[in-house]
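Asks: Chains as they are written, first to last, in the UniProt record's numbering: chain A, 1 to 339; chain B, 1 to 309.
Treat the hints with caution; some may be incorrect.
No farther apart than 20 Å at their CA atoms in a straight line, the calculated lysine to any residue pairs in the SDA-like style are these [as the list claims (entries may be wrong)]:
1) Lys198(A) with Gly62(B)
2) Lys261(B) with His240(A)
3) Lys89(B) with Gly62(B)
4) Lys198(A) with Ile255(B)
5) Lys267(A) with Glu237(B)
Some residues of chain A that are not near chain B, with every Cβ distance over 12 Å (derived) [unchecked claim]:
6) Leu117
7) Gln192
8) Met204
9) Glu220
10) Arg291
Derived contacts from chain A toward chain B, CB cut-off under 8 Å, selection only [what the hints assert, rightly or not]:
11) Asp186
12) Ser191
13) His213
14) Asp214
15) Phe243
16) Leu254
17) Ser257
18) Leu306
19) Val309
Don't read these hints as lab results, they were simulated from the structure.
Built from N, CA and C at the ideal position, the CB exists for glycine as well.
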Amino acid sequence: MSEKLLEVKNLKTSFRIKDDYYAAVDDVSLSVNKNEVLAIVGESGCGKSALAFSIMGLHNRAKIEGNILFKDQDIANLSISNLNKLRGKNMGMIFQDPLTALNPLMEIGDQIGEALLLHNKDLSKTKRKEKVIDLLNKVGIPRPEHVYEQFPHELSGGMRQRVVIATAIANEPELLIADEPTTALDVTIQSQILDLIKELKDDMDAGIILITHDLGVVAEMADRVAVMYAGQIVEIADVHTLFEKPLHPYTRSLFNSVPNTAQAKSKLHVIQGIVPSLQNLPREGCRFSARIPWIDASAHEEHPELHEVSSGHFVRCTCYKHFDFPEGSSKEEQHHGIS
Amino acid sequence: MAFLEVEDLKVHFPIKGGIFGRTVGHVKAVDGVSFSLEKGKTYGLVGESGSGKTTTGRAIIGLNKITSGKVMFDGRDITGMKSKSDVRKDIQMIFQDPYSSLNAKKRVIDIVAEPLRNFEKLSKKEERIRVQELMELVGLSPESILKYPHEFSGGQRQRIGIARAIALKPKLIIADEPVSALDVSVQAQVLNFMQDIQEELDLTYLFIGHDLGVIKHMCDNIGIMYKGRYVEEGTTEEIFTNPQHIYTKRLVAAIPDIDPKKRQEQTQFRQEVKAEYEQSYNDYFDDEGLAYQLQPVSDTHLVALPEKG
Chain A
1 MSEKLLEVKN LKTSFRIKDD YYAAVDDVSL SVNKNEVLAI VGESGCGKSA
51 LAFSIMGLHN RAKIEGNILF KDQDIANLSI SNLNKLRGKN MGMIFQDPLT
101 ALNPLMEIGD QIGEALLLHN KDLSKTKRKE KVIDLLNKVG IPRPEHVYEQ
151 FPHELSGGMR QRVVIATAIA NEPELLIADE PTTALDVTIQ SQILDLIKEL
201 KDDMDAGIIL ITHDLGVVAE MADRVAVMYA GQIVEIADVH TLFEKPLHPY
251 TRSLFNSVPN TAQAKSKLHV IQGIVPSLQN LPREGCRFSA RIPWIDASAH
301 EEHPELHEVS SGHFVRCTCY KHFDFPEGSS KEEQHHGIS
Chain B
1 MAFLEVEDLK VHFPIKGGIF GRTVGHVKAV DGVSFSLEKG KTYGLVGESG
51 SGKTTTGRAI IGLNKITSGK VMFDGRDITG MKSKSDVRKD IQMIFQDPYS
101 SLNAKKRVID IVAEPLRNFE KLSKKEERIR VQELMELVGL SPESILKYPH
151 EFSGGQRQRI GIARAIALKP KLIIADEPVS ALDVSVQAQV LNFMQDIQEE
201 LDLTYLFIGH DLGVIKHMCD NIGIMYKGRY VEEGTTEEIF TNPQHIYTKR
251 LVAAIPDIDP KKRQEQTQFR QEVKAEYEQS YNDYFDDEGL AYQLQPVSDT
301 HLVALPEKG
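Can you build the whole structure from these sequences, using the hints too?
Replies: Now the structure itself:
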């Protein structure tokens, strides 16, 4: 049994809109082990980024309920000064857009150096520079001495993302949260960055939470996958099980709407309706039921729970047992028959 | 004669420098691009950011000034056409970001009717009926024409953008990354819809994109651009199953495989391609790191290779 690094229990993150609180992350429980990549998949507004930000304690205005256990210490409502001892040291974060994540007025070397300085005040200036150049080397930046003195705008998108990663891993964190780390990048750069994250995982034995909407990235990177819809996890399983035998209607619909797997020019599956906004989220019953109206209401549970269908494979609600795509929509077989 | 023919298109942007803002050099965004497009087909223009694919599309429709070269549309030379010439009606554009391409302060009716107001003199009532018809065509309720863009979701907004593009019954639509900003399920909606109206209205698409999965799904022919030049052109089948240029090979290899069982295989394949790329870089690119002229491999398949001998 591998060592448990992070355990999130019944996490609920609510934002205040006017006078009411609305939960963007609603009763999410999950865990990450050392040297494991947990991918969190979902579309915009499903709460996957809110979940990541909650773990890092970056939502200081939100109401956070439940437990976030990092190495058995509850960090859910830790004070900022205590959080700052962990953040950047034990936990690192890679942000989606490297241009906004970096300070445009600060030299690359100083930005990475700052992360080191914050957690080790005694580090001398020369030692620090040495270490930063080491880090730049590690993330595959050519001519690190030169880049050390450059500003973010002088670097390409891929290089900037490497700098963000170098900052995140400066103190060799045990947990790394990557929020859509390659969404802003071209596909060849993407594969380089993903390789880099894989290498770092093995080098540092770190646990990684990878947030993405790209199922191809999940297939390449993840050990386990959690699928989120409307603030909840609807399905969680190891990557092979999930890709071979997705059960929840939402997971199956997602797979069917990706053009990559479909035969060219065929119709893609369209999920009916739209993702409900935070205020209009159905709080009772199966949250996905409105998107699959042809499924009889009796198929859904009144209070949908996660059911363990096989070891480690959990599915929310019972509606998956009765689910099938409507006649005339693209058939699943053709997508999964590609191997 | 092809429906759209682009011949040796060049778009160079001046670099201003010095205290007097003199031109000190040029960025060769598009540097000698030629291709042709058959009626009713979808042609994919692929490349990474900065490859010049968007500039090519914008130059064809007249949003970027053409430095040299020729654009022939339906047998007419439209290079540097006047902004209100009739050809403008026949070519329309769908933009990448449905959030910034719609004026937030205008109602949907004003957004969709704008091309109509430019080219057709309709009474208020006729205009309203036309806009309502268009809304129905793109699957939005005709009553919603008085709403503002922020009242719609991303996919709905992109359909408003499409309604505007098809308002004048164009023959060619240049779609510049029309689904890049959208979620997969919404993306599926827009792609399906684009295929439907292509049949219904006999449209020809120039589809600009970087997502090879989407390109493969939509296109009949594909051109791959790198640093303002073509590196390869062929049918979708040829590009994906038999890529010849090392750059194309690398691009195809970089697409994440959706089957987690093939992870090992894929990593190995990618390493092989990377090694080949580094080894044979000089065989495929000239001293400046640019692609050579295209040489035919078969009737439809062209690859940028140095001339033999």
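Asks: Looking back at the hints listed earlier, which ones does the structure fail to meet?
Replies: Violated hints: 1, 7, 9, 10, 18 and 19; rest satisfied.
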